[in-house]
Structures are given as structure tokens and as C-alpha cells.
Amino acid sequence: MTDSTSSVSHLDLDESKKTFLDANELILNMGPQHPATHGVLRVILRLDGEKVLGLECVIGYLHRGVEKIAEHRTYTMFNPYVDRMDYVAAVSNGLGYCEAVEKLLNIEAPPRANYIRVILTELNRVASHQLWLGTHALDIGAMTPLFYTFRDREEILKIFEKYCGARLTTHAFRIGGCQYETYEGFEKDVKKFISFVAPKIDEYEELLTTNRIWVERTKNVGTISAKDCIAYGVTGPVLRASGVKWDIRKAQPYAAYSKFDFEVPTGQNGDTYDRYLVRMAEMRQSLRIIQQAVDGIPEGPIMAKVSKVMKPPVGEIYHSIEAPKGELGYFIVSDGSTQPYRVRVRPPSFVNLQALDLMCRGQLVADVIAVIGTLDIVLGEVDR
Amino acid sequence: MVWESALVAKLKGQFGSGVEALTYLGQNYLQVDRSLIPNILQILRDEEQFDYCVDVTAVHYPKRERQFDVLWILYSFARNERVRVKTQIAEGEHIPSAVSIWPTANWLEREAYDMFGIQFVGHPELKRILLPDGWKGHPLRKDYGIIQQDQEWVQINLGIESGQ
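If you read the protein sequences in the order shown, they are chains A and B.
384 is the number that our numbering gives the last residue of the first sequence; the numbers go up by one with no jumps.
1164 is the number that our numbering gives the last residue of the second sequence; the numbers go up by one with no jumps.
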């Protein structure tokens, strides 16, 4: 497409007479309804042949005005809404919000509640990574992992359902602790799950890690350097795969994370393959944390003393946690009333998606799919 | 509560009364004069290692003379420390963009523009990000109602009477 073979070169034509065949660039629209964009994401690609020269993301199709809604709800009433942002990691969303409001109220959840929080959040991290792996592999052409990961993720959702009655938008935590005591046999279920899923993760790895097609499709694809990650504010497994050993659970521990022994897996090349390895290792580390938490779960109350009508003193707070996708932050402004004056959600998917353009430049169209997958975005969180 | 540190002493020495350093619930923030943006942001990144811009956002106080708080949440990997920089601007007043300091500010500033109508000068492409381009109004302003919408846009583009 680059050179015209007709007698008149495209360079001789004036702009108005040029057709798309005469141009070196092709603009291709992808989405918003596209199976590989993981939701309603529209990407406008600028192509030279099959090579990506640049792209623009068009987002906002799922915008529901979560931050506006927050200003018209009480602190307690807004709690279930946060589950609907990153709906595959609803527990993490709830944890971040509850902890932010607790900080603003200057209260702390009791130790037992913190342990329950850690167990559920880490289970959710495994579930989120499993869903990521299944869909990401499917996008690249490996269909089997999807069936494996969804089969195993079901076990986590069953635990959630038994604990709080919901599978996805769990609303598991309350401001000040947890609403529900663990059900009878909870610890047994969790331990059973750990011994069930550990060999399954090996199974996923067996399918992919040395699979030639997988390696060819992911190695040196969508590479991003540590420097660029930091400049673009990219966090989570993407940052770690580029070699930055940074995890909020370690850097600024929250809940009960300082009590557990776990590693922060990192990669070196910052490509799609390294991000895959980092997430696989993270799942194993999560299991380690869950095991320690279940073994050491203390007895005691699960709710701090919180008044029914919450009126945090006038002030502002920023609190962030390590969600499966990266840094999830809440900036809350209180004016002393029962409703937050402003709630700002700092969504990891939104910020990470911004690096898509940088990561796709010079790559092939097919790799755009791989890069969108490897960023692990959830459009519900991007658009809020 | 007043926040005291070597960083604050340095900034105060340089900018004098334009900087106020405070701390609340163990979190430090700088209340700075609008004219010090972007210099102070540049210094925080270049000299104080605040290399990661976590968030850029705004808060609307319609009763105040200078209606908007614009704030930057920063983090330093080397110091493992967070700081918030806050400034006040009036309706229609401009604020320099931080895209040349942290590329990540690009989408974050677009969102602040979309939701609050804050004009970031020097932004490469300041346009709406979550709402459609032709939308009227900035929803996170306090005078924008919760069920309010751009009726005209909805009727023309969606072909329905109301999105509610």
C-alpha cells in the first residue's frame, strides 16, 4: 500500500484527489464492540500496512458517574457502588474504600476483620488473575486455558457466595470491619481450595510457559521500560514486569499485610511474556498469604465501634491499595456531614490504558490485541 | 497541623509565603499559590525525586471566591513518600499543564477538564475523555444536578427523549 504502481504517483496528486489507496497511512477503527477489547473500548489505529504508527483510545462508553453518585449518598450507602467499578475484583475495591473512610473517621478494623479481609482480597486477586489469563490466552488463540481457569475460579466464587451471598459484586466489607463472621467450615474450604488450585496453576503453566506459539506471540511484544512505566504512572504487575520491585502491600502495608511473609515477583524485559510470568508468580504468592492468614487468624470481634450515622470530621484523605491491576486509590473530602463532599477514585486500569499507545507503536495489529490483554483492563473501572 | 521537614524548609526558603505545608491524619500536603505552578511541581520531580504522579484532580467549592481546588497527588519511589500539592483557582482561570513533567497527567488532566471544566494551558490535546465531545456542562461541579443531562445531545445523538 505504500507505493502506488499506477502511472501517477500519489505524491503528484493534490490532497483532495487522494483516495485511501494513495495514502501511506490507513486509519482503522477497532471496537467499541469487539470481542478482544474486554468491554466497550474503541481504539482508532493509525497503520502503515500492518504496522501500528499510533493509536487513540476512545473511552467513556460505560461512564456511570460513580464519583457524582458518591456525593449524593451517605458513606455507607456508597459502599456497594465501588464493587461495580472493577467488577472482577470487587473485594479489592471495597477494601480500599472502607479503609479510606476508616482513616477519615480515625478508626481501625479489629485484627480478625483484617485477616478476613486479607483472605478474601487475596482470593479475589487469584480470581482476577485467572480471569485475565483465560481471556488473554483466548485473545491470542489458546482456547484451553479459558476452560481451565473458569473452572477453577468457580471454587473461589463459591467461597464468596457462602461467605456473603454474592459471587461477583460481593459487598463483603463494611466501614469498620466485616459484616459477617466466617461461616462454619470457612477455613476448611479455603485450605481445600489452596491445595486444589496450586497444582492447577502448574497446569496453566504447562500449557503456556514453554508453548512455542505462546512464547512467539508474547516475547518482545508490547515492551515498556521501567522509566516509561513510572513516567506514565503505570502500576501493578505491568510495572513489576519491567523490573521495579514495588508493591503497596510491601511499601506502605495496609490491612494485615505486614504480618505475612511473601515475595514481590518481578520481570526484566517488561514484555507481554514477563507480565504473564509475574502474574503467575503472584497467584502463588497470594496462596502463600492466604495459607498464613488462615493459619494465624485470631479470635475476636469483627467490627470496630462505629456510630450508625457516620460524620467524619472536616478533612481530606488519600488511601490506596494494591488491587490486582495496580494502585487503586481513593481521595475523599469530608465536609463534616453524612455524605462525602467529594470522592475521587484513582483507577489503575484507566492510568495503565494510557500507556497502550506507547506500547503498541511499531508493533503489528495482531499484537494490539495481545497488549490490551496483557494490560488487564476492566472497562467498568476505566469509565467509572 | 503544620508539617515540618527539610523539603518544606527548602521550598519555603525558595518561595516564601506562597507555600503552606500542612499535615492531616499523617498525610502531608502543600497549599501553594497558583503562580508557583508548575515550578514547584518541576522542583518536586527533578530535585526531590517525586517521579510518579499518582493523580491529578479537582474539587469544586461554589461558595468560595476561588471556586476550585486543583490537586496533584505525588509519590516518590526512592523516598517511599507521598505528598499532595494543592492550589486554588477561580472560574475561568487557567492553570499550567503538567504533561511535560509527567506524561501520565495527560488523561488525568483531560478528565479534570471534562468533569470540572478546568483549563490546563500547554496540554497537547485538551478535550473530553469520558463524556462525548459535544456534551455541554461539567458534571462534577456542584451546581450540576445528579440527574441533569445534556438533553439536546441525548435527543440528537441517541434519538430518545431522555436518558433517564
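Simulated from the structure, these hints should not be mistaken for lab results.
Among the clues, some could well be false.
Some chain A residues flagged as far from chain B (calculated, every beta-carbon gap over 10 Å) [as the list claims (entries may be wrong)]: (1) Ala36; (2) Gly39; (3) Glu50; (4) Ile69; (5) His72; (6) Arg84; (7) Cys164; (8) Thr169; (9) Asn211; (10) Ala231; (11) Asp261; (12) Ser307; (13) Met310; (14) Ile317; (15) Phe350.
Computed beta-carbon distance windows for the label pairs [claimed, not checked]: (16) Val314(A) <-> Gly1016(B): 49 to 55 Å; (17) Gly1163(B) <-> Ile44(A): 23 to 29 Å; (18) Tyr180(A) <-> Ala1006(B): 20 to 26 Å; (19) Lys158(A) <-> Leu1158(B): 50 to 56 Å; (20) Gly1016(B) <-> Ala366(A): 42 to 48 Å; (21) Glu181(A) <-> Gln1042(B): 20 to 26 Å; (22) Glu108(A) <-> Glu1152(B): 32 to 38 Å; (23) Ala366(A) <-> Asp1046(B): 37 to 43 Å.
Note that CB positions come from ideal geometry on N, CA and C, so glycine has one too.
The hints, checked one at a time:
1. The Cβ of Ala36(A) sits about 22 Å from the closest Cβ of chain B, beyond the 10 Å cut-off, so the non-interface label holds.
2. For Gly39(A), the requirement that its beta carbon stay farther than 10 Å from each beta carbon of chain B is met, with the minimum near 14 Å.
3. Against chain B, the non-interface label of Glu50(A) holds: every CB pair exceeds 10 Å, the least being about 26 Å.
4. The beta carbon of Ile69(A) is not kept farther than 10 Å from every beta carbon of chain B, the shortest such distance being approximately 7 Å.
5. Non-interface status of His72(A) relative to chain B is broken: a Cβ of that chain comes within 10 Å, the nearest being about 5 Å off.
6. Every CB of chain B lies more than 10 Å from the CB of Arg84(A), the least distance being 16 Å, so the non-interface label holds.
7. Its beta-carbon lying about 29 Å from the closest one in chain B, Cys164(A) satisfies the requirement of being farther than 10 Å from that chain.
8. In this structure Thr169(A) is separated from chain B by more than 10 Å, as the shortest Cβ-Cβ distance comes to about 21 Å.
9. Here Asn211(A) stays apart from chain B, with its beta-carbon at least about 34 Å from theirs, past the 10 Å limit.
10. At the 10 Å boundary, the C-beta of Ala231(A) falls inside the reach of chain B, the nearest C-beta of that chain being 5 Å off.
11. With 10 Å as the threshold on Cβ separation, the claim that Asp261(A) sits away from chain B holds: the shortest Cβ distance comes to roughly 20 Å.
12. No beta-carbon of chain B is positioned within 10 Å of the beta-carbon of Ser307(A); the least distance is around 19 Å.
13. Every beta carbon of chain B lies more than 10 Å from that of Met310(A), the smallest distance being close to 16 Å; the non-interface claim holds.
14. With a minimum CB-CB distance of about 6 Å to chain B, Ile317(A) fails to clear the 10 Å threshold, and the non-interface call is violated.
15. For Phe350(A), the requirement that its beta carbon stay farther than 10 Å from each beta carbon of chain B is not met, with the minimum near 7 Å.
16. Between Val314(A) and Gly1016(B) the CB atoms are about 28 Å apart, so this pair departs from the stated range of 49 to 55 Å.
17. Between Gly1163(B) and Ile44(A) the C-beta distance comes to about 25 Å, which sits within the given range of 23 to 29 Å.
18. Range check, Tyr180(A) to Ala1006(B): about 47 Å between beta-carbon atoms, so the 20 to 26 Å window is missed.
19. Between Lys158(A) and Leu1158(B) the beta carbon distance is about 40 Å. The supplied range of 50 to 56 Å is therefore violated.
20. With their beta carbons about 57 Å apart, Gly1016(B) and Ala366(A) fall outside the hinted range of 42 to 48 Å.
21. For Glu181(A) paired with Gln1042(B), a C-beta distance near 52 Å fails the hint of 20 to 26 Å.
22. As the Cβ distance of Glu108(A) to Glu1152(B) is approximately 50 Å, the hint placing it in 32 to 38 Å is violated.
23. For the hinted restraint 37 to 43 Å between Ala366(A) and Asp1046(B), the CB-CB distance of approximately 40 Å keeps it satisfied.
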